[in-house]
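Protein chains: 2
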Amino acid sequence: MSQPLPDAALDQLFREARSYSSFLDRDVTDAQIHAVWELMKMGPTSANQLPARLVWCKSAEAKARLAGHAGEKNRSKITGAPVCVILAMDIDFHEQLPWLFPHTDARSWFAGDEEGRKVSAMRNSTLQGGYLILAARALGLDCYPMSGFDNAAVDADFFADEPRWRSNFICSIGYGDPASVFARSPRPEFDTFNRLL
Amino acid sequence: MSQPLPDAALDQLFREARSYSSFLDRDVTDAQIHAVWELMKMGPTSANQLPARLVWCKSAEAKARLAGHAGEKNRSKITGAPVCVILAMDIDFHEQLPWLFPHTDARSWFAGDEEGRKVSAMRNSTLQGGYLILAARALGLDCYPMSGFDNAAVDADFFADEPRWRSNFICSIGYGDPASVFARSPRPEFDTFNRLL
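For the record, the sequence lines run as chains A and B.
Letter by letter, the first sequence follows residues 5 to 201 in the numbering used here.
Letter by letter, the second sequence follows residues 5 to 201 in the numbering used here.
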């Protein structure tokens, strides 16, 4: 039976972690990128759908291409980061279920129900996005997640060969520059947004 | 600058954590429920929207009510857990932005755009769902997230007084019974679902 993690870990994951709009000039290695995936892939998704598809823009060329589809204020947060990942989803994720969820015929639950797949892909790829952010933090990295970009343009540019992939959000990752954060926005008390029945 | 968390923490959060379909007979206290919120609320959402609204079903009556709207296989996973939380979203979350994101008029970005709010509420409340699962694990608890229930029936039953709240998914929380887990489903290698540009 697990115990609570030490306070220093809770601080690093939640309490003291911040979204950094600019990053120190320090590389994120390919090995670190792989390590983020190795952690985040372990998080639960419905019927082990794992609908997220990730495109890690690390070269200056890839980051510039992505930044061209972002809102003006977000461009420097992409090009100035060591890496910016496009978190996308495969709306035909069910085609992978025979090997991802082998003990039953989960593919048949979704075949012919594209609207249902879109909802499930959105929900479960976003859950994986939450795991991505916390996996990066657990590995000592900082994040700047963004949804201010042209999803259709990113899809057309990056997924021409994968017409069933849809971008969800993007996230710059690196070592945050402490000078780039402002005071934290308010966080509500339990009773504001919770009910206990 | 943060370092990677110790292996034991990464194991507890990701590598060895599992979804438990049944739980040991051990209470989850109100203080633990509050502690989950105190961690998860710190996670980032777009413009600090924090669209998630949580209803923690802890009494036998509340769990039975919720279980009545769930798929047959999920009912015992609700009634048999110490607590099952409904993670919902407020599709009028923008009304809270004047105090949640006080330094600019973010409310105006969403006013009059209900479709855009629905997408944003879904994305950001689900991110908060990812934080919920990992916050619970960080506190030594186990989870069983579920989307197999009648969302409209839950909304009508639990949110009659909050017609702008929509259920997203539900999650049982407690101390998992090791006898209730099977072998882990496959997890893909990096190259299967990732590209590095």
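Simulated from the structure, these hints should not be mistaken for lab results.
Hints may be right or wrong, so weigh each one.
If chains are identical, the list can't say which one is meant, so a pair holds when it fits in one copy or spans any two.
The calculated lysine to any residue pairs, modelled on SDA-like cross-linking and capped at a C-alpha distance of 25 Å, are [unchecked claim]:
1) LYS122 to SER184
2) LYS122 to SER151
3) LYS62 to SER189
4) LYS122 to ASP181
5) LYS77 to ALA35
6) LYS122 to PRO10
7) LYS62 to PRO190
8) LYS62 to ARG188
9) LYS62 to PRO48
10) LYS62 to SER6
11) LYS122 to SER63
12) LYS77 to GLU42
13) LYS122 to ARG19
14) LYS122 to ALA66
15) LYS62 to PRO192
16) LYS122 to ALA157
These figures come from a predicted structure and were not determined experimentally.
Going down the list of hints, with the structure as the test:
In this assembly of identical chains, LYS122 and SER184 lie within 25 Å of each other by CA distance neither inside one copy nor across copies; the values are 36 Å within and 30 Å between. In this assembly of identical chains, LYS122 and SER151 lie within 25 Å of each other by CA distance both inside one copy and across copies; the values are 18 Å within and 14 Å between. For the identical chains of this complex, LYS62 and SER189 are neighbours neither inside a copy (30 Å) nor across copies (30 Å), given an alpha-carbon limit of 25 Å. Within a single copy, LYS122 and ASP181 get their C-alpha atoms no closer than 37 Å, and across copies no closer than 33 Å, so neither meets the 25 Å cut-off.
With identical chains, the CA atoms of LYS77 and ALA35 are never at most 25 Å apart, being 30 Å at best within one copy and 41 Å at best between copies. Proximity of LYS122 and PRO10 under a CA criterion of 25 Å is satisfied in neither setting, with 38 Å inside one chain copy and 37 Å between copies. For the homomeric pair LYS62 and PRO190, neither the shortest alpha-carbon distance inside one copy (33 Å) nor that between copies (28 Å) is at most 25 Å. In this homomeric assembly, LYS62 and ARG188 never come within 25 Å of each other (Cα to Cα): the closest approach is 28 Å inside a single copy and 32 Å across copies.
In the homo-oligomer, the alpha carbons of LYS62 and PRO48 lie at most 25 Å apart only across protomers (23 Å), although the nearest pairing inside one protomer, at 27 Å, exceeds that limit. In this assembly of identical chains, LYS62 and SER6 lie within 25 Å of each other by CA distance solely across copies; the values are 21 Å between and 37 Å within a copy. For the identical chains of this complex, LYS122 and SER63 are neighbours neither inside a copy (31 Å) nor across copies (34 Å), given an alpha-carbon limit of 25 Å. Proximity of LYS77 and GLU42 under a CA criterion of 25 Å is satisfied in neither setting, with 31 Å inside one chain copy and 30 Å between copies.
In this assembly of identical chains, LYS122 and ARG19 lie within 25 Å of each other by CA distance neither inside one copy nor across copies; the values are 33 Å within and 28 Å between. Neither within a single protomer nor between protomers do LYS122 and ALA66 lie at most 25 Å apart by alpha-carbon distance, with minima of 27 Å and 30 Å respectively. Only between protomers do LYS62 and PRO192 lie at most 25 Å apart by alpha-carbon distance; the minimum there is 22 Å, versus 36 Å within a single protomer. Proximity of LYS122 to ALA157 under the C-alpha cut-off of 25 Å is found in both arrangements, the shortest distances being 19 Å within a copy and 21 Å between copies.
Hint compliance for this structure: hints 1, 3, 4, 5, 6, 7, 8, 11, 12, 13, 14 are broken, all remaining hints hold.
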